[in-house]
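Visitor: These protein sequences, in sequence, are chains A and B.
Under numbering that gives the first Met the number 0, the first sequence has 362 at position 363, and the numbering climbs by one with no breaks.
Under numbering that gives the first Met the number 0, the second sequence has 261 at position 262, and the numbering climbs by one with no breaks.
Some clues are possibly wrong.
Identical chains share a label here; the pair holds if one copy fits it or two copies do between them.
Claimed, not checked - Using 20 Å as the maximum straight-line C-alpha spacing, the simulated SDA-like pairs for lysine to any residue come out as follows:
#	residue 1	residue 2
1	K123	A153
2	K265	H137
3	K65	L5
4	K88	T4
5	K65	Y373
6	K65	A6
7	K76	G99
8	K267	D135
9	K65	E356
10	K65	R371
11	K65	H358
12	K88	P335
The hints are simulated quantities; they were obtained by calculation from the structure and are not laboratory data.
2 protein chains.
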Amino acid sequence: MDLNTLATPAAIIDVPRMQANINRMQTHLNQLGVAFRPHVKTSKCLQVAKAQEAAGARGITVSTLKEAEQFFAAGFKDITYAVGIAEAKLPQAADLMRRGCALKIITDSEESARFIGAFSRTHKVNFSVLVEIDTDGHRSGVLPEAQELPDIAAALVSGGSTLAGVLTHAGSSYDYSDQDVLINLAEQERAGCVRAAERLRAAGYECPIVSVGSTPTATRAQTLTGVNEVRAGVYVFFDLVMRNVGVCTLDDIALSVLATVIGHQKEKGWAIVDAGWMAMSRDRGTARHGTDFGYGQVCTLEGTPLPGYTVSGANQEHGIISLTGGLDSAIAERFPIGSRVRILPNHACATGAQFPEYHALVSPGNIEVWPRFYGW
Amino acid sequence: MDLNTLATPAAIIDVPRMQANINRMQTHLNQLGVAFRPHVKTSKCLQVAKAQEAAGARGITVSTLKEAEQFFAAGFKDITYAVGIAEAKLPQAADLMRRGCALKIITDSEESARFIGAFSRTHKVNFSVLVEIDTDGHRSGVLPEAQELPDIAAALVSGGSTLAGVLTHAGSSYDYSDQDVLINLAEQERAGCVRAAERLRAAGYECPIVSVGSTPTATRAQTLTGVNEVRAGVYVFFDLVMRNVGVCTLDDIALSVLATVIGHQKEKGWAIVDAGWMAMSRDRGTARHGTDFGYGQVCTLEGTPLPGYTVSGANQEHGIISLTGGLDSAIAERFPIGSRVRILPNHACATGAQFPEYHALVSPGNIEVWPRFYGW
Chain A
0 MDLNTLATPA
10 AIIDVPRMQA
20 NINRMQTHLN
30 QLGVAFRPHV
40 KTSKCLQVAK
50 AQEAAGARGI
60 TVSTLKEAEQ
70 FFAAGFKDIT
80 YAVGIAEAKL
90 PQAADLMRRG
100 CALKIITDSE
110 ESARFIGAFS
120 RTHKVNFSVL
130 VEIDTDGHRS
140 GVLPEAQELP
150 DIAAALVSGG
160 STLAGVLTHA
170 GSSYDYSDQD
180 VLINLAEQER
190 AGCVRAAERL
200 RAAGYECPIV
210 SVGSTPTATR
220 AQTLTGVNEV
230 RAGVYVFFDL
240 VMRNVGVCTL
250 DDIALSVLAT
260 VIGHQKEKGW
270 AIVDAGWMAM
280 SRDRGTARHG
290 TDFGYGQVCT
300 LEGTPLPGYT
310 VSGANQEHGI
320 ISLTGGLDSA
330 IAERFPIGSR
340 VRILPNHACA
350 TGAQFPEYHA
360 LVSPGNIEVW
370 PRFYGW
Chain B
0 MDLNTLATPA
10 AIIDVPRMQA
20 NINRMQTHLN
30 QLGVAFRPHV
40 KTSKCLQVAK
50 AQEAAGARGI
60 TVSTLKEAEQ
70 FFAAGFKDIT
80 YAVGIAEAKL
90 PQAADLMRRG
100 CALKIITDSE
110 ESARFIGAFS
120 RTHKVNFSVL
130 VEIDTDGHRS
140 GVLPEAQELP
150 DIAAALVSGG
160 STLAGVLTHA
170 GSSYDYSDQD
180 VLINLAEQER
190 AGCVRAAERL
200 RAAGYECPIV
210 SVGSTPTATR
220 AQTLTGVNEV
230 RAGVYVFFDL
240 VMRNVGVCTL
250 DDIALSVLAT
260 VIGHQKEKGW
270 AIVDAGWMAM
280 SRDRGTARHG
290 TDFGYGQVCT
300 LEGTPLPGYT
310 VSGANQEHGI
320 ISLTGGLDSA
330 IAERFPIGSR
340 VRILPNHACA
350 TGAQFPEYHA
360 LVSPGNIEVW
370 PRFYGW
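Extracted from the complex, chain A is given alone in its bound form:
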């Protein structure tokens, strides 16, 4: 099995690049003196998470209880489920804890804290709960100065759950490309989360965990005083969005889609490949950026980017390769029928999710199949 014979489309992990990404982030966070809890929603893959653990990660972050179940079954015991939990999911969370999983769940409202507390009381289960803090206004969380912050803690503790700490995610970092802005946002994320922890401590709660992170802010954080844990996900593969945000180069991107050329429209300068949006995902995250990569950056089979050639259009199983800002009248000679390319994705989390498994290119000619989880 090699890149010339593998059935296409296929999701290829460049393992040396992935390992370099893992090592770089782990070293950076070691230097900042914080624990690293990678978000495994990006890969949903045991082999990837094990490489992160081997490099020094302490625990994992998940986006669904299914991920928690699957990683727990594979031996990961310290898991944070970093999406506000619905009441109907508490029995599944409680069951994981009873089986020995050190699961942490999150809340961002007194209302939700009350039902967690009530479940604790009724079912005699002591949930470890992090309060989600909103440090950049992009999604969920309570503001660091929110009046209800101690009330949330009280609702949890009075029911018999434990306030495990505070957690924030400055996801708006994906919208920037100025590195000074990212440095400032990382500081805002840190300061807001630490402030929330201080308020809870002032109200009498221990609040042991102070957890922050997104790939851009984790990468650009200069100091993390008061923080003891960082989370990041997409850094493990990186992608074109992260390249445009400025926290990686094209040469760091460890995930690509292997595709075969199946036809041309020569007058239009199009080569058609068998990787459409079902393979690349519908993510057009670079559409609003300075460099729009369409549905992906085209590379040679060896992974060298071909400047200007992107997947400019996509149907379900067809991708259209063309030259940005021009018409390549020799497109059929450049990409002959039957030839193969690799396509870097806009968003590694979304593209990976389209595939039941990765093909991990450990070294030239050495490809392993790494399954990934799917669904809820």
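Add chain B to chain A, keeping to what the hints say.
Guide: This is chain B only, laid out in the frame that chain A set:
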């Protein structure tokens, strides 16, 4: 198992709506006197395809050889693989034929026809091949008047394959909303495909199959003289893109995502649900339309659309519901924590693909699990 207790997010099929969509299209095409070969890439689900077959469909269309394998294993024998085939996939196609599958494959170039012919000769397998015709310039295919058209047929036949006919797909129909334009495009699709068949017949080839279709053109076709087969896929569920194209209403859409409210940002008028882009897909097909539904139209649990409420933003497992063009200061009362909504998708093919199975709502309180295929 009912909509109040099902784990969220879940992909819900409204079976009576689906059946009505199937019946409507089948009746329309029966009246036009053509065979209907539904494209099962939309559902990738046996139960859905069996309902289409029961209504009168003759054969199915697939977008991957994996679909062909899975549907063949379930008893579907007449299958058209409607994506230009890569040479490396010919052994798998040949194997399906040897096992009794009446598989048809497609080509749109002399070069590809030559490798199909060469494989036929070497491996003694008589492929049934349709030539893909480009009738609207949106993707693949040879023009009806292309000089090479008879050469493609010659390359196939000289190798020992059979020219089964011509096939076209006017996919540009998704870009329109004027019904007269769609009627004209359906005629353009018909006329171009028939013209290609006539040229091949004039060159001495029988060209038995003349196959056209997309959901909008199939819906709006007035006459189909010279055509004997129509293909369409998304009509089975419909979606918000098709609603904007004008070929269905919101009340025809048979696929929705069931989600639970997990939080609010009251000052912003946001309700947060546990269906993000991983559930809805990244498809933003209505973004360039007159009505932009964000990541989906919010409905009550019973499926009644709530005008103006869409999923205006999405992260991997978070969807943000807000009111278009205003701020609903009572958002938390309208969508309390723990309450459930159903969300109509932009693109049923893309949203369905995010789920390992559908939950088919056969009647109130009667939900069946219908698995779907995944990957390549």
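Visitor: Now look at each hint and say whether the structure bears it out.
Guide: Now for the hints, and whether the structure bears them out:
no. : hint        : verdict
1   : K123 / A153 : within (17 Å within a copy, 76 Å between copies)
2   : K265 / H137 : between (44 Å within a copy, 13 Å between copies)
3   : K65 / L5    : between (29 Å within a copy, 15 Å between copies)
4   : K88 / T4    : between (44 Å within a copy, 10 Å between copies)
5   : K65 / Y373  : both (8 Å within a copy, 18 Å between copies)
6   : K65 / A6    : between (29 Å within a copy, 11 Å between copies)
7   : K76 / G99   : within (7 Å within a copy, 49 Å between copies)
8   : K267 / D135 : between (44 Å within a copy, 13 Å between copies)
9   : K65 / E356  : both (17 Å within a copy, 15 Å between copies)
10  : K65 / R371  : both (12 Å within a copy, 18 Å between copies)
11  : K65 / H358  : between (22 Å within a copy, 17 Å between copies)
12  : K88 / P335  : between (51 Å within a copy, 16 Å between copies)
In summary, the structure agrees with every hint in the numbered list given earlier.
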